[in-house]
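Chains A and B, in that order, are what the protein sequence lines are.
Going by the numbering used here, the first sequence opens with residue 1, and the numbers climb by one from there.
Going by the numbering used here, the second sequence opens with residue 1, and the numbers climb by one from there.
Wrong hints could be hidden among the right ones.
Said to hold, decoys possible - Here chain A is said to cover these stretches of chain B; the calculated rule only asks that three of the stretch's residues, wherever they fall, bring their Cβ under 8 Å from a Cβ of chain A:
(1) 20-29
(2) 36-46
(3) 233-247
Claimed, not checked - Derived pair list, reagent style DSS-like, types lysine-lysine, alpha-carbon separation capped at 27 Å:
(4) K150/B - K67/A
(5) K184/A - K66/A
(6) K252/B - K90/A
(7) K150/B - K45/B
It is worth saying that the hints were derived from the structure and are not from the lab.
Every residue, glycine too, gets a C-beta built ideally from N, C-alpha and C.
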Amino acid sequence: METPKHFRLKKVLLDGDSMERTLNRMVHEILERSKGGKGLALVGVRRRGDVLARRMVEMIAKVLGKKVPMGVLDITLYRDDLSLLTQHPKVGRTDIPFPLEGKRLVLVDDVIFTGRTTRAALDAVMDLGRPQNVQLAVLVDRGHRELPIQPDYVGKVVPTSLNENVLVFLKEMDGEDQVVLVEKEDAEG
Amino acid sequence: MLKGRDLVALADLSKEEILYLLDTAESMKEVLTRDIKKVPTLRGKTVVNLFFEPSTRTRTSFEMAGKRLSADVVNFSAATSSLTKGETLKDTARNIEAMGVDAVVVRHKASGAARYLSRVLEAPVVNAGDGTHEHPTQGLLDLFTIREVKGKIDGLRVAIVGDITHSRVARSDIHGLLKLGAQVVAVGPPTMMPPGIESMGVSVAPSVDKVLEEVDVVIMLRIQLERQSSPLFPSIREYSKYFGLNIDKLRKRIDSDLLIMHPGPVNWGVELSPEVSDYPGNVILDQVTNGVAVRMAVLYALIAG
């Protein structure tokens, strides 16, 4: 777990305990609004939303006594900025092992920023089937939307500047749970 | 990530580049299992299939791959073209490029035609088979198919059987397999064995029987009767006896997980006897399916971004 080059740590937004509590609260909000979880299914957006969705499915199982269906979505093939990138993002595998028809789907992502990832995820979901409705759950909302897309469930709202970045570390991938705010090193001269 | 702009030969690629394409193809294969087998990735891009040699499966496969990624695919075939009026390869390709294309897929009977086009064109060039040089997307789909079934390539023993000298498939397979750590044994009559093949790191065996019990995969090549000006073996019967596969030969491997592959089109009764199509390790049609996924990966890697 390291702060990337040219960025310096500004603030720890969530540690392991507070992340756990935040996810738990989001899970309870989802269950409250889904009236007992009928038709509920979670789809995580690679490459961190899927890890969060997997955790949330476990938390839901503790309440409901059963696991709701869970899938993984890779949105690379739906990105609108491929022609702007010099490096190709690696295409990951989409794996949604249940029919989407009639599901109350909750998309799970780590951070919402411009909203473009969510736009791509919605297009990808619509190509895969016709859920009854789709909601969005994010661990961090850092603002700066470029599209009219808002999350239904938010772990933490963090006002940021464009010189800053929010990094989510998860123990499954990074060895430790932590959300940090970092700032570009050359930002202040 | 690919370092180059074109895909002319597997000999040009590093192990990492090959693995990147195979991994990307795995994700592409999932798209092919959906009800809606299409993603918007290459919307607004144009791919031209420039085929100067007859082909059904490779051309169709590239066309499908482009269309699954939402590219526009234009097919050019030599028979109806200005080539019959004497236009050169370079002029033909440059004129088509001038219409605004984002990639050119080329098949040509001359070895080196793809490399040549990659030098004269701005657009990325994908080699779909040039003479006896290489057929890199066939090599990639063979690697993909082997890895999909066996879970790995490193350490496997693979026999390639047939006319090694005239086979661009063999050449691409050998480069790809060796880079990914497989051992390759070439099997064929001496008249079909390129001199000095051992220097590539390939061993040579005189008949299929000699290797059948030791290998994990057999890639049978098509006997290309159309490419031989004078016959390279005495008779088809004799060829089948030493270099063909039939159920009798396979009997001792029937319970094992030997893979039988073939780039197609198969000369049934020559390199493979018809009953081999029911052999459990026959993955010839899987190769065709995987070809689309692999070509999607190649087009994505060369055009997107």
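Would the pair K150/B and K45/B pass a check requiring their Cα atoms to be no farther apart than 27 Å?
It is violated: about 35 Å lies between the C-alpha atoms, which goes past 27 Å.
Quick one, are K184/A and K66/A close enough, alpha carbons at most 27 Å?
violated, 44 Å
Residues of the segment 20-29 of chain B with Cβ under 8 Å from chain A, three needed, outcome:
holds (count 6)
Can the segment 233-247 of chain B be counted as covered by chain A under the rule of three residues or more with Cβ-Cβ separation shorter than 8 Å?
violated (count 0)
Given the hinted pair K150/B and K67/A, is their alpha-carbon gap at most 27 Å?
The hint is violated at about 32 Å.
Does K252/B pair with K90/A here, judged by a C-alpha cut-off of 27 Å?
violated, 43 Å
Coverage claim, chain A over the segment 36-46 of chain B, checked by counting residues with Cβ within 8 Å (three needed)
As far as the segment 36-46 of chain B goes, the hint holds, because 5 residues have Cβ atoms under 8 Å from chain A.
Checked against the numbered hints above, the structure violates hints 3, 4, 5, 6 and 7; every other hint is satisfied.
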